[in-house]
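Engineer: Given next are the chains, with one letter for each unit.
Protein chains: 2
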Amino acid sequence: MLYANHCATLQVCELDRDPSSWPTRNLLTRLFPCPGPPSLPPSWYGNRGPLIDPEPKFCHQCGSPLTQEIPQGEDRLRGVCKACGMIHYVNPRVVVGTVIESGNRILLCRRAIEPAHGKWTPPAGFLEVGESTLAGATRETWEEARAEVEILQPLVSIDLTRIGQIHIKYLAKMKSDDFEAGPESLEVRWFDYSEIPWDDLAFPVTHWSLRLRIQDRDQGSPHFHRGTLQWNQQGSPLDFSNYDLSDLQSWPLDIEEGNES
Amino acid sequence: MLYANHCATLQVCELDRDPSSWPTRNLLTRLFPCPGPPSLPPSWYGNRGPLIDPEPKFCHQCGSPLTQEIPQGEDRLRGVCKACGMIHYVNPRVVVGTVIESGNRILLCRRAIEPAHGKWTPPAGFLEVGESTLAGATRETWEEARAEVEILQPLVSIDLTRIGQIHIKYLAKMKSDDFEAGPESLEVRWFDYSEIPWDDLAFPVTHWSLRLRIQDRDQGSPHFHRGTLQWNQQGSPLDFSNYDLSDLQSWPLDIEEGNES
Ligand SMILES: [Zn+2]
Ligand SMILES: [Zn+2]
Numbered sequence: 001m002l003y004a005n006h007c008a009t010l011q012v013c014e015l016d017r018d019p020s021s022w023p024t025r026n027l028l029t030r031l032f033p034c035p036g037p038p039s040l041p042p043s044w045y046g047n048r049g050p051l052i053d054p055e056p057k058f059c060h061q062c063g064s065p066l067t068q069e070i071p072q073g074e075d076r077l078r079g080v081c082k083a084c085g086m087i088h089y090v091n092p093r094v095v096v097g098t099v100i101e102s103g104n105r106i107l108l109c110r111r112a113i114e115p116a117h118g119k120w121t122p123p124a125g126f127l128e129v130g131e132s133t134l135a136g137a138t139r140e141t142w143e144e145a146r147a148e149v150e151i152l153q154p155l156v157s158i159d160l161t162r163i164g165q166i167h168i169k170y171l172a173k174m175k176s177d178d179f180e181a182g183p184e185s186l187e188v189r190w191f192d193y194s195e196i197p198w199d200d201l202a203f204p205v206t207h208w209s210l211r212l213r214i215q216d217r218d219q220g221s222p223h224f225h226r227g228t229l230q231w232n233q234q235g236s237p238l239d240f241s242n243y244d245l246s247d248l249q250s251w252p253l254d255i256e257e258g259n260e261s
Numbered sequence: 001m002l003y004a005n006h007c008a009t010l011q012v013c014e015l016d017r018d019p020s021s022w023p024t025r026n027l028l029t030r031l032f033p034c035p036g037p038p039s040l041p042p043s044w045y046g047n048r049g050p051l052i053d054p055e056p057k058f059c060h061q062c063g064s065p066l067t068q069e070i071p072q073g074e075d076r077l078r079g080v081c082k083a084c085g086m087i088h089y090v091n092p093r094v095v096v097g098t099v100i101e102s103g104n105r106i107l108l109c110r111r112a113i114e115p116a117h118g119k120w121t122p123p124a125g126f127l128e129v130g131e132s133t134l135a136g137a138t139r140e141t142w143e144e145a146r147a148e149v150e151i152l153q154p155l156v157s158i159d160l161t162r163i164g165q166i167h168i169k170y171l172a173k174m175k176s177d178d179f180e181a182g183p184e185s186l187e188v189r190w191f192d193y194s195e196i197p198w199d200d201l202a203f204p205v206t207h208w209s210l211r212l213r214i215q216d217r218d219q220g221s222p223h224f225h226r227g228t229l230q231w232n233q234q235g236s237p238l239d240f241s242n243y244d245l246s247d248l249q250s251w252p253l254d255i256e257e258g259n260e261s
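Protein chains in written order, with our numbering: chain A, 1 to 261; chain B, 1 to 261.
Read the hints as simulated data drawn from the structure, not as lab findings.
Among the clues, some could well be false.
Just so you know, same-sequence chains aren't split out, so a pair can sit in one copy or run between any two.
Calculated lysine to aspartate or glutamate pairs in the DMTMM-like style (CA-CA distance at most 20 Å, straight line) [what the hints assert, rightly or not]:
1) K175 x D247
2) K82 x D218
3) K82 x E143
4) K82 x D53
5) K175 x E257
6) K175 x E150
7) K175 x E256
These numbers come from a predicted model, not from an experiment.
Hey, can you work out the whole structure from these sequences and the hints?
Structural biologist: Next comes the structure, spelled out in structure tokens:
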């Protein structure tokens, strides 16, 4: 089911834009089931397992095998448990983080964990149940950079539809000068915006987030950007140049730039 | 683990704000495991099951019983499968929707499904894997109101930490005059903003989303708002007056109001 949705998006994504085409899209998805996700290099597999969640095969409430069917009143396949009746929904996960600035500098972490071990990224991680996006972004910043930050503005909300993730990044500033590498980081340091290690950034979403922020800085005009990161289905899914940011919408914020420090 | 996190948030939420208190918070959570979520009225149980996901008991990959333990390098309990090694992460789900305006009117749907059967709400529903927040909001609008809309601006991002949901709503306008009740709606109609059925709105998040939008309209100043909906732990969790919107941050958008139609 997960792969079917995934595949529908990759292969017939144009059909997603027009509601009147959705019956056709759903039919296509059923007629041509997806062979599975593209094979990924080992570095995509971290301590959270594969980036694309495997399709559930057993009921997590009673342990019985699941059946794939379209529940009454729905329009797509779900894992259904015939033993206890539970329907197993798989939904995107949210990744929250901060882009921390001080003057012309940005704080980046070099990752000590897979995926993208040794690569640079602003602090970010999976939102947990029980915390707000604000609390999650702050927690991840503490865990990875041992920095306490104040949130200034929403910067980007980027959908990674291929792997079922939404990345929400806030622009932030330090509450104090203190920081150090947390257990998930090899190193944490300031980079001048003119020195960003573009060839050693962790993920395509990292690249696009920084690129959008630099554009705002160059124009002196802060924005909140949302877009969809689309893999071109060719080349490495780790290389940003194989992605487009589609559906980009950028809303100007009527705020002062908060980086006078 | 889900309930433990949930409980940590409800009972020691002040400790969440200060990173230096997190070891204390985590210790408290382990010493005083949560008795489970508060009992909810039947109307909270819909065709997606209980609003709060039950804690996973079995591995969805191999069907073996899960053990609750703190994986190496992490700081909280997870369901771990000793048979196949899989760690089962439970993360918040994203609900996407649209607040559709035409002049002084807003389009609301009367729900034909639980939870909140018979109550009014803007179109909204769970984001699916493979779609962007934009595509999800558009799809839900079609499914519930058979309306095709153009997204104008982000309106609210409200965290429902108690039940592990993030609600993202976009302000939108109709592409045509056509709409009708979809299968999940009893009725769809325009309401003048002076006639909102406040006592028959579906959810506390509905109430707060409309309230924030009306504030923006009254001030002639569009904003993107984010906040955390906090239940006061007393009274019905369906009654908006038992909630506060905490951590509210509202960023003014430098755009024209798009409702000249
Ligand atoms: Zn079952
Ligand atoms: Zn297993």
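Engineer: Against each hint, give a clear statement of whether it holds in the structure.
Structural biologist: Here is what the structure says about each hint:
no.: 1; hint: K175 x D247; in the structure: between (35 Å within a copy, 17 Å between copies)
no.: 2; hint: K82 x D218; in the structure: neither (58 Å within a copy, 52 Å between copies)
no.: 3; hint: K82 x E143; in the structure: neither (42 Å within a copy, 27 Å between copies)
no.: 4; hint: K82 x D53; in the structure: between (22 Å within a copy, 18 Å between copies)
no.: 5; hint: K175 x E257; in the structure: within (16 Å within a copy, 35 Å between copies)
no.: 6; hint: K175 x E150; in the structure: within (6 Å within a copy, 39 Å between copies)
no.: 7; hint: K175 x E256; in the structure: within (18 Å within a copy, 34 Å between copies)
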